[in-house]
Amino acid sequence: MSMRVSIMQNKFEHKPSGAFIVDGMEVAHTMQCCHCGKHFISKKGSGRIRGFCLRCMKVTCGNERCNPCIPFEKKMEMR
Amino acid sequence: MSRRYSIDGQDTNTANTTILGLVSAATIRPKITDIILGSDATPGDQAAEYVIQRFTAPGTATAVVPTPLDPGDPAALASAGEAHTVEPTYTADAILLMWAQNQRNTVRWVAAPGGEIILPATANAGVGLRVITVTGAANVNACIHYAE
Chain A
469 MSMRVSIMQN KFEHKPSGAF IVDGMEVAHT MQCCHCGKHF ISKKGSGRIR GFCLRCMKVT
529 CGNERCNPCI PFEKKMEMR
Chain B
8 MSRRYSIDGQ DTNTANTTIL GLVSAATIRP KITDIILGSD ATPGDQAAEY VIQRFTAPGT
68 ATAVVPTPLD PGDPAALASA GEAHTVEPTY TADAILLMWA QNQRNTVRWV AAPGGEIILP
128 ATANAGVGLR VITVTGAANV NACIHYAE
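Here the protein sequences line up with chains A and B, keeping their order.
Numbering of the first sequence is given in my numbering, commencing with residue 469 and proceeding in unit increments.
Numbering of the second sequence is given in my numbering, commencing with residue 8 and proceeding in unit increments.
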């Protein structure tokens with residue numbers, strides 16, 4: 469039952485960046501922040517504020533440090 | 008085309024310990040495509056929180072030699088380690104993936120094309136599969152597939 473509740477809460481994405489699989493079943497999709505590369509599970513009604521970069525046209529994780537548009541690839545070059 | 012490799016490791020999942028670490032090199036940017044984590048201990052209802060987190064120094068660990076998925080491929084340029092005696096130097100808040108699981112479960116995370124977890128082309132930098140909290144420690148086993 470807990471598994472079913474978990475599946476219902478997780479939002480299945482149209483274009484996921486990754487997926488969690490338990491017992492051969494996809495239980496959650498992950499989205500990837502285009503600025504830090506972090507994967508996160510998007511949950512409807514969770515209260516977590518995510519972002520969207522209009523230059524990258526992709527979602528961000530919502531961390532304040534990911535608000536300025538510094539693409540992940542650029543950050544990797546700067547390391 | 009990238010060459011793909013597999014690494015595996017095991018350790019007791021006490022809090023703040025690293026189960027398996029993947030270390031990059033100056034000439035490559037490894038991309039993690041698959042992570043599998045489960046436990047071979049006697050089944051028990053224990054919960055644990057795991058993260059994939061970046062580090063800048065790999066610490067001290069038992070070396071794990073990456074195995075090419077294609078036997079025709081050469082040895083990997085990246086390196087790996089398990090059962091750390093000195094923990095890697097983790098970058099605060101550089102958590103790339105987080106999940107919690109019951110000891111009875113085996114959880115697999117697989118990246119969609121373009122969604123891989125990418126390591127920098129920097130020597131000694133990498134990512135670790137790290138335990139954050141656990142209700143009761145048990146031996147856990149991890150396997151990571153990556154491309155370089």
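These are calculated hints, taken from the structure and not from any lab test.
We put the beta carbon where it would ideally sit given N, CA and C, even for glycine.
Among the hints, erroneous ones may be present.
Short, incomplete list of chain A residues facing chain B, as computed with Cβ under 8 Å [to be verified]:
(1) F480
(2) H482
(3) P484
(4) M493
(5) K506
(6) H507
(7) G515
(8) N535
(9) P536
(10) I538
(11) P539
(12) M544
For each hint, the structure was consulted:
| no. | hint | verdict |
| --- | --- | --- |
| 1 | F480 | violated, 13 Å |
| 2 | H482 | violated, 11 Å |
| 3 | P484 | holds, 5 Å |
| 4 | M493 | violated, 10 Å |
| 5 | K506 | holds, 5 Å |
| 6 | H507 | holds, 5 Å |
| 7 | G515 | violated, 17 Å |
| 8 | N535 | violated, 15 Å |
| 9 | P536 | violated, 16 Å |
| 10 | I538 | violated, 14 Å |
| 11 | P539 | violated, 12 Å |
| 12 | M544 | holds, 5 Å |
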